[in-house]
Amino acid sequence: MTGQPFPVEAGHIMLFARAVGDENPAYRGDAAFAPPTFTMASAHYDPEYHLRPKPGQEWFGSGGGPGAMPEGGGGLHAEQHFEYHRPVRAGETLYAHTVPGRSWEKQGRTGRLLFSERVTEYRDADGERVVSAVTVAVVPEGPATPKDAR
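For what it's worth, the numbering used here labels the leading residue of the sequence shown as 1467, then goes sequentially.
A couple of the hints might just be wrong.
[Claimed, not checked] List of simulated lysine to aspartate or glutamate pairs, DMTMM-like, C-alpha gap at most 20 angstroms:
no.	residue 1	residue 2
1	K1572	E1583
2	K1572	D1590
3	K1572	E1607
Derived by calculation from the structure, the hints in this document are not laboratory data.
Whenever a hint applies, use it, and build me the whole structure from the sequences.
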């Protein structure tokens, strides 16, 4: 199977559920089900994930200054959609493959807003689709606020 491997571990499911405040017993134990947004945690297994701090490199989110977003940054996470083809269970490995989706624009109060999708398919070891996720990002073109336009 190709794609970024994402081992689905029982302890990771439990910690994720606790972090989002959901103590459902289905999220505990060796045969735990994963909470609905759990596949977002796959970024922890991607060595090139752009929001992850890298040892020995300055990180824009360190709080030590204003920071500089990585190339292509400066946008907002606008939406997230998940389609489950079957439940995600502890003990399996999923394989994530991300491709660009649709792009469009809208007129905002201070300029154009550029929208883009990233579509991630999570498949199991047999190549069967488990989860399809769509992330929508928006980047303002021009000044972000009226204050910035001065």
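Which earlier hints can't be squared with this structure?
Of the numbered hints given earlier, the structure breaks just one, which is hint 2.
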